[in-house]
Amino acid sequence: MKAILFLASVVVILITAGMVYSLMSGAIPVFKEFGLKFIVSSEWNPTEGREAYGALPFITGTLLTSLIAIILCFPLAFSTSLFIGEYYRGTKMASLTGTMVDMLAGIPSIVYGLWGFYVLRPLIVELGWSAQGFSIFTAGVVLAIMIIPYATSITTEIIKMVSNDLKEAAYSLGATRREVIFSVIVPNARSGIFTSYILAFGRALGETMAVTMLIGNSNIIPKGIFDSGNTMASVIANQFGEADGLKLSALVAIALLLFVITGIINGIGKLIIKKYSV
Amino acid sequence: MKNLIGIIAVVLLLSSCSSGSSENVSLTAAGATFPLPFYNLAIKNYSKSAGTLLTYGGVGSGGGIRSLRDQVVDFGATDAYLNAKQEADMPAGIVHIPTCIGAVVIAYSLTGIEELKLSNENLTDIFMGRITRWNDSRIKESNPGVTLPDLAVTVVHRSDGSGTTYIFSDFMSKISVDWEKEVGKGKSLKWPVGLGAKGNPGVAGTIKQTNGAIGYIGSEFAFAQKIPVAQVENSAGKYVTPSLASISAAAKGEIPADTKVMLTCSSDPDAYPISGFTWLILYKEQAYNKRTKVQAEETVKFLSWIIEKDAQALAQQVNYAPLPEKTVAQARALLGTVVFDGQTLLK
Chain A
1 MKAILFLASV
11 VVILITAGMV
21 YSLMSGAIPV
31 FKEFGLKFIV
41 SSEWNPTEGR
51 EAYGALPFIT
61 GTLLTSLIAI
71 ILCFPLAFST
81 SLFIGEYYRG
91 TKMASLTGTM
101 VDMLAGIPSI
111 VYGLWGFYVL
121 RPLIVELGWS
131 AQGFSIFTAG
141 VVLAIMIIPY
151 ATSITTEIIK
161 MVSNDLKEAA
171 YSLGATRREV
181 IFSVIVPNAR
191 SGIFTSYILA
201 FGRALGETMA
211 VTMLIGNSNI
221 IPKGIFDSGN
231 TMASVIANQF
241 GEADGLKLSA
251 LVAIALLLFV
261 ITGIINGIGK
271 LIIKKYSV
Chain B
1001 MKNLIGIIAV
1011 VLLLSSCSSG
1021 SSENVSLTAA
1031 GATFPLPFYN
1041 LAIKNYSKSA
1051 GTLLTYGGVG
1061 SGGGIRSLRD
1071 QVVDFGATDA
1081 YLNAKQEADM
1091 PAGIVHIPTC
1101 IGAVVIAYSL
1111 TGIEELKLSN
1121 ENLTDIFMGR
1131 ITRWNDSRIK
1141 ESNPGVTLPD
1151 LAVTVVHRSD
1161 GSGTTYIFSD
1171 FMSKISVDWE
1181 KEVGKGKSLK
1191 WPVGLGAKGN
1201 PGVAGTIKQT
1211 NGAIGYIGSE
1221 FAFAQKIPVA
1231 QVENSAGKYV
1241 TPSLASISAA
1251 AKGEIPADTK
1261 VMLTCSSDPD
1271 AYPISGFTWL
1281 ILYKEQAYNK
1291 RTKVQAEETV
1301 KFLSWIIEKD
1311 AQALAQQVNY
1321 APLPEKTVAQ
1331 ARALLGTVVF
1341 DGQTLLK
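Sequence lines, in order, name chains A and B.
Take the first sequence: its letter number 194 is residue 194 in the numbering used here, and every next letter is one higher.
Just add 1000 to wherever you are in the second sequence, counting from 1, and you've got the numbering used here.
These are computed hints drawn from the structure, not numbers from a lab.
Check before you lean on any hint, since a few could be wrong.
Below, simulated DSBU-like cross-link-like pairs (lysine-lysine); rule was C-alpha separation at most 35 Å, straight line [to be verified]:
#1 B:Lys-1117 to A:Lys-223
#2 B:Lys-1085 to A:Lys-37
#3 B:Lys-1190 to A:Lys-32
#4 B:Lys-1085 to A:Lys-223
#5 B:Lys-1181 to A:Lys-37
#6 A:Lys-32 to B:Lys-1181
Bear in mind that the values here come from a model prediction, so they are computed numbers and not experimental data.
With these hints in hand, go ahead and build the complete structure from the sequences.
In structure tokens, the structure reads:
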């Protein structure tokens, strides 16, 4: 038994290491050619003879869409968690809402993309926010809906786990329900809540299909959140098929950067959790 | 246990028998997505009559070239002929066999406007972002009598690398010095303006959903979906509507023996100017990577079939222009140079 567990863990580590290795070796040509300029340059020109690759437009796009997503997601997801985990805990209404939220997680991303394309995009055009509706913001809104279940379900569990003794003690001291939530439940559950939003953010960083359909795919740094742009995952999915040589290496390098960014964000998350956990 | 081994042995024996017989040889190919509907139809028909098992993967021209270079397919497919460097990267000499002619059409979405003429200057200005509204006097000049709306021009281009983009940008580079200097040609470009959408369906869908949008689409897709397309000015200064006849006319001029030529801006006065061949590519020496002679024979047999009348009629069914007689003869001559251990394979 011990041997099997050991073997399985070693395989997982090997797979991760193998991925990092292959990404690194694939990214070497482009870093040799452009050096660190690859990360800070906003020029993306795949035309033969004028090749120049910079990942900044995609890094900006990825971070902006994910940030919009997490900001929009928070009020919705957090209220839902309180609804299911505290206010209506154990009721039919809560379990129905919980099931609905979980269902959101099961919808394929292409369906979110289609919904964004045919419903959300015309709405944004109608509101006059953007001329064609393809923008960082459009992609961010759809991403926000996509990550709600990730943030909600974990937060709900964490809220439910706060010990009843603590809550009852607070009530017996005359605390109102709101005071119990913000002075007892949230401080006790904060590290868990934070983890769930880090996970949701990570999910938003890597989402591809729905974003591709809504962001406009222009390889430039967006001038505002209603301008079109592109993300790291989206540019890889779009351009991989016909890429070779230096361009292929540039795409692999973007994948490596995405890996690193996800790693950094998880790392920051872990640090904060460590600091605030009780 | 003994029984199980026996059964496995029998199954293995049987399967090895069937793959060894010449009737059921299987061929694999991969490459361009632009001629995919034609190849799918052709393969379906050919497999039925010849019994050869053929699989074609539409992975894009770049993928087709890579697959042939790595020798994992029997032949590849590409929309842009290989340049000198790409050919040098191949482990051995290859030949290009043209299979049909496609075109890139300019699709647009303007409520109430059914006919739109675009001069070469108009196209350059629109796709370089110098014309931003439809009622611009420069577009009016090419469309006397048409009331153009006061609406923003939204350029839509491909977000993925594509042979369609290659043909379009090759044409743009020929008609405009500015384009040649600032953008150039390639399967994906540094676009001065516009939105990207994935694949022909993506571009077509975005145009359809956005009033005032304009973009380029593979002709086979536009014809099949009956998408409104603009008339484009050709080298003779005539505005031409893309059609199988006007696309086919693009190949009427002089074609080099290796057929490696872009058909954009054909000198023929009836030709639609944004047209191009699509090719199947294979090694001249077919004896490589443990391939059998039967496999090589079947490969050449299929390629010699696809350039002839029956298959060319299928191409028209799915909206590609057929090869002119002269080009078919050139393609046949090229297939004659394909050998197995030095022996000609074409029958």
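Results of checking the hints against the structure:
| no. | hint | in the structure |
| --- | --- | --- |
| 1 | B:Lys-1117 to A:Lys-223 | holds (33 Å) |
| 2 | B:Lys-1085 to A:Lys-37 | holds (27 Å) |
| 3 | B:Lys-1190 to A:Lys-32 | holds (22 Å) |
| 4 | B:Lys-1085 to A:Lys-223 | violated (38 Å) |
| 5 | B:Lys-1181 to A:Lys-37 | holds (24 Å) |
| 6 | A:Lys-32 to B:Lys-1181 | holds (27 Å) |
Violation of the numbered hints given earlier is confined to hint 4; every other hint is satisfied by the structure.
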